[in-house]
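> Chain residues, written in single-letter form:
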Amino acid sequence: MATWIRTIQLSVKSLLLHPLRSGLTVLGIFIGVASVIWLLAIGEGIGQKAQQQYASLGVQNIIVRTIKPSSDEVGDAGYGLTRNDFVRLVATVPTIEEALPIRVLSQEFRHKTRHFEGRLVGCTPQYAEVTALKQDFGRFISDADLDGERNYCVLAAESSGRLFPSGNSLGKQIMIDDEFYVVVGVMKPRAPSAGIGGSLAAEDFSRDVYVPITTLWRRIGDMVVVTKPGTFQRDINEISQITIRVDDRDRVLQTADIVRNTVAQEHTLADFGLTVPLELLQQAETTRLMFMLFLGMIAAISLVVGGIGIMNIMLATVTERTHEIGIRRALGAKRRDITRQFLVESTVLSIVGGLLGILGGLSCRHLSLLLRRALEHWFPTQMEALPDLVRTIEPQLVSWSIPLAFSISVVVGVVFGVYPALRAARLDPIEALRHE
Amino acid sequence: MPTTSTFAAQIHHLYKDYVLGGETVHALRDVSFDVPLGDYISIMGPSGSGKSTLLNLLGCLDRPTAGNFLLGEDDVSQFSDDELAETRATRIGFIFQSYNLLPALSVVENIEVPLYYSGRLNPAARARCRELADMVGLGPRLEHRPSQLSGGQQQRVAIARSLVNDPRFILADEPTGNLDSKTTSEILELLARLNAEGRTIIIVTHEPDVAEQTQRTIVLRDGQILSDERR
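Chain order of the listed sequences is A and B. Residue numbering for the first sequence follows this note's numbering, beginning at 1 and increasing consecutively. Residue numbering for the second sequence follows this note's numbering, beginning at 1 and increasing consecutively.
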């Protein structure tokens with residue numbers, strides 16, 4: 001033990017004899033280790049973000065939505081999901097735990113002289129829970145509202161603010177398509193996000209008005225007339241989207257197939273689509289793993305380069321210190337003492353590099369924030385153009401990357417130190433002593 | 001017949017051949033002599049006489065082609081590489097012409113090196129290193145680096161280092177070759193003093209002045225002993 005401590009002391013001493021050279025060698029390992037940690041953290045950050053996005057859609061959900069075909073395909077007939085589809089799905093697919101039909105329209109909302117254009121969402125009581133909307137005042141749509149096809153509505157925060165700037169809107173009436181609806185509740189503001197809309201584009205809930213879907217069907221009907229300058233167009237669609245919750249996560253993919261087939265039976269047009277968050281999540285997981293593997297390989301390459309740096313320096317050192325090796329051999333060093341000395345030196349270099357690299361790796365969150373701010377400051381337009389996922393990337397330290405990177409650096413130090421060390425030990429003591 | 005323990009070393013019919021460019025060079029041919037404990041020997045001879053070869057064999061840096069080299073009761077000529085290293089670390093004290101101190105280490109650490117390789121580095125041994133440094137007059141400079149010392153001082157460190165393992169003999173290779181005459185006589189005095197204290201010393205030199213200080217001179221020529229005379 002004492003011998004080892006002494007060996008380490010000695011090697012630190014001789015490494016400090018050439019601080020610049022040792023420093024540069026350490027730098028090679030530092031970059032390797034830090035980049036392992038950094039790249040894995042960046043990969044993890046991107047992966048987690050994508051996963052969160054998909055998971056927020058609900059891993060047990062299947063989203064069937066209406067896709068509007070081109071207008072010459074449709075003509076004047078209706079398109080998309082129908083009430084019949086909904087009834088058949090609920091009746092024939094046993095693994096469906098719950099199915100929520102939603103109908104979304106653009107509408108104008110009025111209260112006295114105030115009015116605004118927003119989304120009219122015909123939905124069921126479960127809608128608030130599924131989309132993570134929080135109640136602010138009053139209540140959400142109830143089953144009784146649904147059954148009674150009542151003219152009740154619930155306002156999103158901004159919708160309430162626009163029609164009732166003075167505040168309390170509960171119990172007041174608003175006008176939708178020439179009919180009056182009583183406001184029974186107001187929701188809290190919700191940040192726009194990737195939502196239950198089925199598409200992964202951000203969905204804005206701020207200008208919504210929620211009514212029972214049965215009321216919407218009865219009062220407003222399936223037909224919407226869209227007028228544009230010079231033309232007008234009728235849109236006939238019964239259901240915009242059905243969100244299905246499957247009873248068991250393991251049966252999601254199977255159920256998705258059944259749902260697709262069931263709906264397809266009655267549709268000649270390609271006017272519906274399925275989104276399966278679980279499938280997306282699994283794809284994202286695969287992508288994440290491939291990404292990590294890819295980044296890990298890049299980092300591994302940089303570690304190997306660092307290791308070659310160590311080997312290079314150690315070989316140069318062996319040549320340069322041939323005389324010293326001769327002296328040590330003359331004074332009684334065995335071959336293995338020389339091997340050990342040089343191995344310890346290369347390992348010390350790589351361990352120091354590894355420790356610094358870990359410190360560098362730990363700083364990646366702060367540094368990447370700084371870097372992002374700097375880029376936003378100097379290249380604002382280019383940064384704007386980048387996709388959200390890249391622009392707002394937040395590296396997530398992967399805990400196992402630290403021991404991994406560190407042990408790789410130690411292994412690199414040993415592996416790349418072996419050859420120079422053996423070469424040093426193989427020197428003939430007499431020749432080495434004569435070497436100046 | 002005296003027992004082997006009265007000899008620091010015994011050399012019987014030592015041969016050493018080298019193969020150089022396909023030709024065999026007989027560097028040593030049938031060299032025999034005894035080194036009684038407490039002796040002070042100089043080995044002389046022109047270059048090419050086999051002086052360096054003999055030095056390497058005596059220093060256990062090399063093995064003879066034939067013959068025996070008894071160190072105490074062990075025949076070193078049969079030793080393995082590791083055993084030779086062990087022997088160098090524990091039973092031979094080296095002094096070189098160019099001092100051969102390790103530049104990264106301080107005076108006291110340089111003296112410790114043979115202990116380190118023989119695994120005997122303990123607090124008592126450390127204290128002994130300081131005593132030895134004191135003895136050669138370097139007590140106040142224990143923490144200096146070799147580069148901060150004069151040639152004579154460096155050679156004193158080397159002498160202290162050669163003593164640290166309490167060797168059977170000290171092997172000095174041109175110990176004064178790099179020194180001026182004043183320092184030379186100081187170093188020779190130190191060696192004479194060590195010999196007077198009972199140390200066995202073998203000096204390889206080509207300087208007759210140095211050889212005169214010893215009790216016995218062996219002259220080599222063409223790999224053979226030309227003369228072996230006691231003063």
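These aren't lab readings, by the way, just hints derived from the structure by calculation. Misleading hints may appear alongside valid ones.
[To be verified] A partial selection of chain B residues facing chain A, derived with a Cβ cut-off under 7 Å: (1) Leu37; (2) Gly38; (3) Phe94.
[Claimed, not checked] Covered by chain A, per the in silico footprint, the following chain B stretches (three or more residues, Cβ under 8 Å): (4) 106-120; (5) 196-203; (6) 210-218.
From the three backbone atoms N, C-alpha and C, an ideal C-beta is built for every residue, glycine too.
> Decide, hint by hint, whether the structure agrees.
A quick look at each hint next to the structure:
{"no.": "1", "hint": "Leu37", "result": "violated, 21 Å"}
{"no.": "2", "hint": "Gly38", "result": "violated, 24 Å"}
{"no.": "3", "hint": "Phe94", "result": "holds, 5 Å"}
{"no.": "4", "hint": "106-120", "result": "holds (count 6)"}
{"no.": "5", "hint": "196-203", "result": "violated (count 0)"}
{"no.": "6", "hint": "210-218", "result": "violated (count 0)"}
In this structure, the earlier hints numbered 1, 2, 5, 6 are contradicted, and the remaining ones agree with it.
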